[in-house]
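First to last, the sequence lines map onto chains A and B.
Counting in the numbering used here, the first sequence runs without a single skipped number right up to 278 at its last residue.
Counting in the numbering used here, the second sequence runs without a single skipped number right up to 278 at its last residue.
Treat the hints with care, since some could be wrong.
Which chain B residues face chain A? A few, computed with CB under 8 Å, are given here [as the list claims (entries may be wrong)]:
#1 Ala110
#2 Ser117
#3 Phe120
#4 Glu121
#5 Val137
#6 Pro139
#7 Ala153
#8 Gly156
#9 Leu168
Estimated spans, in silico, between C-beta atoms of each pair [stated by the list, open to error]:
#10 A:Glu71 - B:Pro170: 48 to 56 Å
#11 A:Asp81 - B:Ala268: 29 to 37 Å
#12 A:Thr236 - B:Asp81: 37 to 45 Å
No lab work stands behind these hints: they were computed from the structure.
The C-beta atom is built at its ideal place from N, Cα and C for all residues, glycine as well.
Protein chains: 2
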Amino acid sequence: MTGHLAVVGLGPGDVAQQTPQAVAALAAATDLVGYAPYLARVPEAVGQIRHASDNREELDRARLALTLAAEGRRVAVVSSGDAGVFAMASAVFEAMDRGEPAWRGLEVEVVPGISAMFAAAARIGAPLGHDFCAISLSDNLKPWDTVVSRLTAAASAGFVIALYNPRSHARPWQLGAVFDLMRARLPGSTAVVFATSVNQPRERIDITTLAQAEPERADMRTLVIIGSEATLLIERPDGHAWLYSPRGAAA
Amino acid sequence: MTGHLAVVGLGPGDVAQQTPQAVAALAAATDLVGYAPYLARVPEAVGQIRHASDNREELDRARLALTLAAEGRRVAVVSSGDAGVFAMASAVFEAMDRGEPAWRGLEVEVVPGISAMFAAAARIGAPLGHDFCAISLSDNLKPWDTVVSRLTAAASAGFVIALYNPRSHARPWQLGAVFDLMRARLPGSTAVVFATSVNQPRERIDITTLAQAEPERADMRTLVIIGSEATLLIERPDGHAWLYSPRGAAA
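Build out the structure end to end from the sequences listed, making use of the hints.
Below is the structure:
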């Protein structure tokens with residue numbers, strides 16, 4: 028087969044945080060596949076075909092991309108942030124694994140990107156400065172018990188926790204349950220960050236405490252970071268603060 | 028104060044994975060501070076002063092950078108990968124927190140980068156496709172008990188685990204102890220990845236199993252990924268394989 032499939036991480040939303048590798052992969056594609064708002068971030072190129080889809084149809088989108096590549100097209104699947112973190116790369120390989128045997132012979136390239144959690148962390152200091160984990164609250168395929176056991180394990184062992192997809196209209200209660208779970212295990216003074224639309228015009232980043240964290244603050248564009256007991260705040264003269272997790276923090 | 032301090036993530040070693048934001052921050056600096064091999068990756072600029080140091084002197088290096096910025100210089104501290112992940116951003120804020128009160132008024136910018144784990148993951152598929160954690164084995168300030176409790180919690184809860192700084196001449200036994208610990212909790216068939224010098228001329232990436240993983244395979248330039256029980260291998264016709272962690276995997 029002569030087709031090619033690139034799974035591209037666009038980064039968090041600012042072209043200054045998009046890698047040359049990603050820009051080149053997008054420019055070389057004959058077909059772009061992705062969630063419509065992510066496709067809208069890619070500059071138009073003459074003759075390039077765009078296949079926009081809804082956000083929930085990840086496996087369908089992955090199958091479309093593999094099918095087009097198998098027809099000899101040069102396809103780029105776009106993800107926000109990093110392609111491999113709660114994004115399209117895993118869906119593409121899942122579709123390959125379950126799909127046509129010939130798809131395994133396709134030339135596939137995963138192009139990493141700046142993840143939402145790294146972009147958010149950078150705006151406020153170094154909250155991911157010691158051992159940390161990333162947990163998605165979005166996946167309907169994952170039992171809630173699994174989320175609870177991972178959150179419990181992470182908090183008890185002293186990880187900083189980055190929460191992806193913390194809240195949507197379809198999942199209004201989960202983040203509140205997470206905060207309740209954390210309050211039973213961590214001091215109320217533990218730092219909590221709500222980072223929404225990082226590096227975009229409507230960016231809003233709030234640092235608060237676990238005691239005061241309100242789940243309603245989060246929406247679909249929010250990344251939440253829950254610090255460990257070791258995470259520290261540095262007050263700045265301008266009224267803002269830096270947040271960091273010291274490298275050597277014990278559990 | 029008029030000085031400026033940027034903590035810059037260079038990405039994993041390929042300029043195609045370096046962001047325009049990072050390139051601009053490096054070009055604008057009057058002074059570069061960092062571990063000598065990382066400084067060597069930054070193009071020379073006329074009039075720019077380089078302050079190279081040994082790898083172990085992170086806090087000293089951070090203090091130097093803050094001191095120079097407080098003198099009105101425009102300083103860039105360089106890290107490999109992402110600046111906020113087991114790199115210089117946390118050290119800079121720790122030095123600020125413990126140092127001169129005036130340092131808190133400095134203009135500081137953290138510039139994120141493609142982390143080693145994202146670059147390694149991209150080369151082999153999507154092993155970080157579900158909930159995952161990152162643990163550093165390097166820090167002498169962190170008790171070994173903490174490492175053990177975090178590894179145990181992560182394996183039991185079904186996280187994929189990325190191990191930074193898995194092995195060096197000064198720390199020859201830790202990685203073997205980690206594999207022993209994991210073998211008591213995960214099937215021998217669990218995927219293990221050794222990714223060394225990713226996207227550099229001497230890149231070497233091996234996918235093996237927990238049963239067969241030999242700690243001697245790792246060195247200072249290696250990132251190790253330990254899959255979850257859900258992590259899957261896709262055999263390719265060319266003899267290579269893709270590795271991915273399905274998005275909906277339960278613990």
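Structure-based check of all given hints:
1. Ala110: With a closest approach of 7 Å, the Ala110 (chain B) hint holds.
2. Ser117: holds, 3 Å
3. Phe120: holds, 4 Å
4. Glu121: Hint on Glu121 (chain B): holds, closest Cβ of chain A at ~5 Å, below 8 Å.
5. Val137: holds, 4 Å
6. Pro139: At about 4 Å, which falls below the 8 Å cut-off, the nearest Cβ of chain A leaves the hint on Pro139 (chain B) intact, so it holds.
7. Ala153: holds, 4 Å
8. Gly156: holds, 3 Å
9. Leu168: Interface hint status for Leu168 (chain B): holds (3 Å vs cutoff 8 Å).
10. A:Glu71 - B:Pro170: 48 to 56 Å: At 55 Å between Cβs, range holds.
11. A:Asp81 - B:Ala268: 29 to 37 Å: Holds - the Cβ-Cβ distance for Asp81 (chain A) and Ala268 (chain B), about 32 Å, lies within 29 to 37 Å.
12. A:Thr236 - B:Asp81: 37 to 45 Å: holds, 38 Å
Checked against the numbered hints given earlier, this structure breaks none of them.
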